[in-house]
Structure formats: C-alpha cells, structure tokens
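Now that you have both chains on their own, put them together as the hints suggest.
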Amino acid sequence: EPEVTQTPSHQVTQMGQEVILRCVPISNHLYFYWYRQILGQKVEFLVSFYNNEISEKSEIFDDQFSVERPDGSNFTLKIRSTKLEDSAMYFCASSEYLAREYFGPGTRLTVT
Amino acid sequence: KNQVEQSPQSLIILEGKNCTLQCNYTVSPFSNLRWYKQDTGRGPVSLTIMTFSENTKSNGRYTATLDADTKQSSLHITASQLSDSASYICVVSPWGRGGSYIPTFGRGTSLIVHP
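These protein sequence lines are chains A and B, in that order.
Residue 61 in the working numbering is what sits at position 61 of the first sequence, and the numbering runs on without skipping anything.
Position in the second sequence counted from 1, then plus 112, gives you the working numbering.
For reference, chain B alone in the conformation it holds in the complex (with noise of 0.2 Å):
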C-alpha cells in the first residue's frame, strides 16, 4: 500500500530561525513528488515539484531535497517569517503503465512560527 509519512506531525520555532520538515515514501513506481503550503481553511498551495532525476528545488525561501533511493524528501525553510505558520504537507504520485496517476497525501506538519 501507498504511504507517505511526515514528521514532525507540529513545529514551533521563531521568527528568523531556519527548520526542515521530512517526508518518508512508500510509492512506487515513483513519478514526482509536491510539497504544498495549506493555510489554515485555503487550498493547498504548490511549493515545489521534483521528479525522480532531480534531488533538490528551491522556490524563494523554501528548499526542497530528494533521495529517490531512500525515498525520503525534507523540506528546509530558511529565515522564517510568521506567514509561514501552516500546514506542509508532501504529496508523492505514483507512475502506472498506462499512466496511472494516484497521489498519496501525507498527514502534513504544522508549522508554528512564533515572534
């Protein structure tokens, strides 16, 4: 069965310091995976996008990594702001014959981002 696990399920930290989110997978055959930004009653927001043959992608302040060997990806915020309490959250989509395309959400981590 598909699984996408996050940890740590919530994070508190304040403003300026960096932190990491991680995202482990059980997908496979792997096509891509997303990081998402969801605001607390909004629609999830697209950070970043990586498919199998890139291992890093940086959208502004946000970085993200990918070992397809290990199927883990981390999420790395730099000089937080408190816009960036939220919700992150890793979305991996497998690649079926055919073209199957069935994402797996994880549960995502709160992020809290204290002055």
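Next up, chain A with everything else stripped away, as it sits in the complex (with noise of 0.2 Å):
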C-alpha cells in the first residue's frame, strides 16, 4: 500500500525557534493536508493545499504556520517563532480528489 512519509519523527526545540516539518505525498496525489493533534485531545486541521496555494485553512494556521511545496516530491510546514502550545503531533496527509486520505506517521514537536 502506498505511504506518506514524515520527518523527522521527533522534533526538539527552543520556545521562540523556528521549525520546519517535512512530507513526502503519495506521488500521483494532488491534495495535501497538515493537521495537529494535542496529546489528549482530538485531531484538528490545518491546511490544505492543491495547485500550488492554500485551499482551506483554519483558524489555527495563522501567520506564524506556512506552507509550501518546495520541488515536485515535498511538502512542508514551517512554524515560525514556536510557542510551549504548538507541542503536538503534527500530521500530514494526502488524497486524490474527495478521496480517500492518507495519513503519514506524524512528527512529534516539542517545544521547550
């Protein structure tokens, strides 16, 4: 079965340094997705993207979130300026259109 990849699987940084998660889609899908997950609490969205933009993204991706597809394999997510709440598992996932979604194994932030 085809898999979403993610690194690193552990992240460990500074309140007030800047982070960058990284993907690797299923290679013929078109739509990407980050979400979070606070240890404890639900999964929550983020952003997706297709075509090269952002197509939806939540009240959580703020400036401080950015999204980008660097080359035609990666897809990232920078965090700027990191803060102790956004420790969490962040996801990134991929789909075709109104398909299912393939979630990666997550990267685990930890701010201190």
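Treat the hints with care, as some may be off.
Said to hold, decoys possible - Taking beta-carbon pairs under 8 Å as the criterion, some of the chain B residues facing chain A (in silico):
id	residue
1	LYS169
2	PHE217
3	GLY218
Said to hold, decoys possible - Derived Cβ-Cβ restraints for the label pairs, each shown as a range:
id	chain 1	residue 1	chain 2	residue 2	range
4	A	ILE38	B	GLU117	35 to 43 Å
5	A	ALA99	B	ALA191	36 to 44 Å
6	A	SER66	B	ALA191	43 to 51 Å
Because the hints were derived from the structure by calculation, they are not lab data.
Since the structure is predicted, the reported quantities are computational estimates derived from the model, not experimental observations.
Every residue gets a Cβ at the ideal spot worked out from N, C-alpha and C, and that includes glycine.
Structural data, given as structure tokens:
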C-alpha cells in the first residue's frame, strides 16, 4: 500500500525558534493536508493545499504557520517563533480529489 | 458551530464479540462522513467514506451506516480481534459554496479488545 512519509519523527526545539516539518506525499496525489493533535486531544485541521496554493485553512493556521511545496515531491510546514502550546503531533496527509486521505506517521514536536 | 460527538468515550469488549460505535454531528451543509482507526502514536487510517446518498458502507469487518436526516452515523465491528484495539474517529466535512471544506473531527471512541 502507498505511504506518506514524514521527517523527523520527533523534533525538540526551544521556544521562539523556527521549525520545518517535512512530508513526502503519495506520488500521484494532488491534495495535501496538515493536521495537528495535541496530546490527549482530538485531531485538528490546519490547512489544505492544491495546485501550489492554500485551498483551506483553519483559525489555528495564522501568520505563524506557512506551507510550501518546494519541489515535486516534498510538502513542508514551517512554524515560526514556536510557542509551548505548539507542542503536538503534526500529521501530513495526501489524497486524490474527494477520495481517501492517507496520513503519514506524524512528527512529534516538543517545544521547551 | 459544527460539532461531532462520539459515544461511548471508551469501550471494553472481549475478543470475538461485536460492537457498535456512535457518531452524531451538526455539520451543515453535509458533504461526507469518514471513519478512521488510529493506533496509539500513529496516524489515522481511513476505514470508510460516505456521502449524502450512501447509507451503508463496508470494509471487511467494519460496517458504517449513515442517516443524513437524523445526522447520525454508526460503525459496527464484527468478530472483534485484539488488533482492533485503537481509537475510532468520526470526521464530518461540510460542503460550502465555492468548495469550502474544513473537516470537523470527533474526539474518538477508545476501543479495547481483551482476549
């Protein structure tokens, strides 16, 4: 079965630093997503991306966040000036149009 | 405000038994409802996707039902296995003019299957 991959699996950073979380979506998928899950809480939608632009973003996805597809295979989430409350598991997902979303294994971000 | 409520919060059953998980939602207008299985520390895995016109969808031992009139869905697991122990998450997406899509996730039902 095809897989979405994410790196790193665990990122520890100091408050105020910038982090970049990386994802390699499934190769023929055109829709890409980032979600986060704070420990013990439900999954929350951050952003969806299609045709090299953001198609939807939630209230959580403010100016601190940005996404980019720097080349034909990677999809990144940048978090500027991290805060303690940004500590969470971040999931990348990809899909074809209105089809099953495939989630990656996640990156656990710890802000100290 | 769009909401998805799942019940029960947790469930313990014996291996081989069946169980049914519930999902109630207030998301409107409705586009689709998805059930996911999430193992601890892993990403969610899609089980079923249902649109407005579908009222049942099966995936192996998993069968989801949808009543769009009452805004309720259920996930039935048949002949449970130890590997079914996980969190089961209901996700509902709206359909907005212009294609707006921001899914609302439920908190999940934690299922534990004991031998």
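Here is how each hint holds up against the structure:
1. LYS169: violated (12 Å)
2. PHE217: holds (5 Å)
3. GLY218: holds (7 Å)
4. ILE38(A) with GLU117(B): 35 to 43 Å: Between ILE38(A) and GLU117(B), where Cβ atoms are some 19 Å apart, the hint is violated.
5. ALA99(A) with ALA191(B): 36 to 44 Å: violated (28 Å)
6. SER66(A) with ALA191(B): 43 to 51 Å: holds (47 Å)
When each numbered hint is compared with the structure, violations occur for hints 1, 4, 5.
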